[in-house]
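Peer 1: Put chain V on the given structure of chain H with help from the hints.
So you can see what is in the structure, the chains are spelled out below.
There are 2 protein chains.
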Amino acid sequence: MLGARCLLRALRSCSSAPCPRHTPSAKLSVRDALGAQNTSGERVKVQGWIRSVRSQKEVLFLHINDGSSLESLQVVADSSFDSKELAFGSSVEVQGQLVKSPSKRQNVELKAEKIEVVGNCDAKDSGFVHIHTPIITSNDCEGAGELFQVEPSSKVKVPEENFFNVPAFLTVSGQLHLEVMSGAFTQVFTFGPTFRAENSQSRRHLAEFYMVEAEISFVESLQDLMQVMERLFKTATMLVLSNCPEDVELCHRFIAPGQKDRLEHMLKNNFLIISYTEAVEILKQASQNFTFTPEWGVDLHTEHEKFLVKHCGNIPVFVVNYPLALKPFYMRDNEDGPQHTVAAVDLLVPGVGELFGGSLREERYHFLEQRLARSGLTEAYQWYLDLRRFGSVPHGGFGMGFERYLQCILGIDNIKDVIPFPRFTHSCLL
Amino acid sequence: MLGARCLLRALRSCSSAPCPRHTPSAKLSVRDALGAQNTSGERVKVQGWIRSVRSQKEVLFLHINDGSSLESLQVVADSSFDSKELAFGSSVEVQGQLVKSPSKRQNVELKAEKIEVVGNCDAKDSGFVHIHTPIITSNDCEGAGELFQVEPSSKVKVPEENFFNVPAFLTVSGQLHLEVMSGAFTQVFTFGPTFRAENSQSRRHLAEFYMVEAEISFVESLQDLMQVMERLFKTATMLVLSNCPEDVELCHRFIAPGQKDRLEHMLKNNFLIISYTEAVEILKQASQNFTFTPEWGVDLHTEHEKFLVKHCGNIPVFVVNYPLALKPFYMRDNEDGPQHTVAAVDLLVPGVGELFGGSLREERYHFLEQRLARSGLTEAYQWYLDLRRFGSVPHGGFGMGFERYLQCILGIDNIKDVIPFPRFTHSCLL
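Heads up: the protein sequence lines correspond to chains H and V, in order. Residue 285 in the working numbering is what sits at position 285 of the first sequence, and the numbering runs on without skipping anything. Throughout, the working numbering is defined as the position within the second sequence, counted from one, plus 1000.
Hints are computed from structural coordinates only; laboratory data are not their basis. Treat the numbers as computed from the prediction; the structure is a model and nothing was measured. One or more hints might be untrue.
Okay, the calculated bits of chain V under chain H, using three or more residues with CB under 8 Å as the criterion [unchecked claim]:
1. 1164–1172
2. 1176–1183
3. 1420–1429
Once the Cα atoms are required to be at most 30 Å apart in a straight line, the calculated BS3-like pairs of lysine-lysine come out as [what the hints assert, rightly or not]:
4. K1104/V x K84/H
5. K84/H x K1111/V
6. K306/H x K416/H
7. K57/H x K1057/V
For every residue, glycine included, the Cβ atom is placed at its ideal position computed from N, Cα and C.
If we strip away everything but chain H, and leave its shape as in the complex, we get (with noise of 0.2 Å):
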């Protein structure tokens, strides 16, 4: 999360005057500098993110990657080089010789004589607040009734008909709490258990799965959140990559040929954007036979989110704006029409379909005291409706699945397989 934020905080603040003791440096990407066959001291130019720093007495050692490449390029730099600035998820432009490295783990190093902090990273006062939101409640925070029930087991003896006095269920999300929070801390996020009572036997479903959820105080676009959820997905990924690479290796090896290459196609392309109005056009031009036939204000399949990412070239896609009707209640209104649309997003990723859902928050009081009302449940959300009227801020937030994700990057095919003791239907073992 520390990574999302600071890198999209990142403000290109330092000129790039060309460094006058040198001729002009050819700019090379990571991956070209590290398939370059003339290592004998050519003069070029790398920028891209810093993904270690190894201080040494006397030396510098810099891992830098652009994602052109899963691998990062070493750069090898004089200590007084040395400085705050150059800290992990910094952006920096690199000038120097490219030679070839004496140490086994790479042929090629970058010997630098100038280091540009294009973007700063400060983590320190940069950060979310971690939350732990309740996994017992008495809300539903999706409205779609899979809930599972919490009640004493028959063998505890309680005077009353509900333990909690209310009927009490697993939480389907964090996010009413973490809007709670998001009213104090500004940015917030939880990591943690959720629960489905869907009776399928997918391969993209749990009855118990883990989110991560961030809500973020004073957003005004969704162009700001799919911002910091596409430099989570990249951050994040990039340091699985470098810190458990062995890990990756074996599943890319023996579980997912060509995930690899899959991966970094990901990776190096920035993410794609279209509305939801778009998407069913899209569906309904195309050749394929679907299961479910794509139309206007029905939400989409499985199927049609995996044709959708096809349809895009393998690369991760936002889909924007969809049908208010669809959508629970707590989503920004667009005013739009006749075809009513909520400010809401979702993340579809190659293989796995939905990987991300948010939204921006109704945060104007009488728009969501009517969609409330709508809905009959003003009375059960008054709290809720109460954060509107007492320093309300526009806000909005989303939540990944953490298995779907870890299916995303290694190429598993089946969610059970990414979690030590699946929960599905028919199945609680141990």
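Peer 2: For chain V alone, coordinates are given in the frame of chain H:
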């Protein structure tokens, strides 16, 4: 956890030969060094653990703590002292001159002339593996019966009697799942929510609370376990104190005056150890009238626990070797008698009572088989018994209630005040 374990593993590896270049230095505690009046270059020696390392171009800053004071002593050294061994958690002996600090953040600092690493703390190869144990389970780890049962809410249509085919509950402990994992990863831990359907309105109980639980293979004595527990408590507390001093100060100043001293007292003393049998003797000889009469074979109540801690001078105390009849089937039989005990351990702390509970696990197939048979659990725990058939090892573990830990270090009287969304009988707000 890392800190706890690496401190545990620390080996006194260096000689303590006197430094030849200077006259013998006076040995000072950190507390005495901080309070020193004579700062005109007196030569001193300080021993303790490194709490932080800040490496700059020409200077190296260390903060050293030895438990004699909540505050750490700043050590300023030439960057030539810098080495990988000077890492968080390493124990060191520093000789040098005590001088007035130029910074306003402290009065005194130690100008290092010699730094000896007494015990290395290489956190890289000594990690506990973080496991997310499941929330929904078909086990009842404690055998206590105070379980929440989980079923799809009436709105969900599932034809079978049970969604999972078997009755399913909210976890009361991740221990059994951790035991599975410790059979492959040696040292594992989990940090997650656990549940009790306890009809209690006490200031120490929640229906949903967090536990840190650890499980360690190849552990053969309670002594080893207790060392990890004590180090975990002390290292975590030191980290909280050094990373969030303002938050702690807020609680100590406005909610729990005197707590700072009480905490310091806990940190600077070695925790005590008494047996359950000794504990009962102490309680029997006490002049205090207890609501529950202490007797061998009966569980200790909170009033007993609090008395024992006071009796021990408000130093945390481990109580070991509880009656076999009081404890679950998985705890290791001490094969003693006639008062038959198991290798269980609880840590009692001031203000709270029981904070940790742990035990050696019964790793011997035939012992476990008989215990299960006697409890009528053979069928339900066949999978657990099987763990003793294939590569069984002596092992043990413990759990620490996270909210009680916060109560203990912050001096918060009511457990409902250290969790954002407390759940207890009659209450499941939001």
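Peer 1: For every hint, state whether the structure bears it out.
Peer 2: Verification of the supplied hints:
Given as covered by chain H, the stretch 1164–1172 of chain V passes the check, having 7 residues with a CB less than 8 Å from a CB of that chain where 3 are the minimum. With 4 residues having a beta carbon nearer than 8 Å to a beta carbon of chain H, the stretch 1176–1183 of chain V meets the requirement of three or more and the stated coverage holds. Coverage of the stretch 1420–1429 of chain V by chain H holds in this model, with 8 residues showing a Cβ closer than 8 Å to a Cβ of that chain against a need of three. For the hint pairing K1104/V with K84/H, the CA-to-CA distance comes to about 22 Å; that is within 30 Å, so the pair holds.
For the suggested pair K84/H and K1111/V, the alpha carbons sit about 24 Å apart, so the restraint of at most 30 Å is met. For the suggested pair K306/H and K416/H, the alpha carbons sit about 20 Å apart, so the restraint of at most 30 Å is met. Between K57/H and K1057/V the CA atoms are separated by roughly 9 Å; this keeps the pair inside 30 Å, and the hint holds.
The structure is consistent with each of the numbered hints, conforming to all of them.
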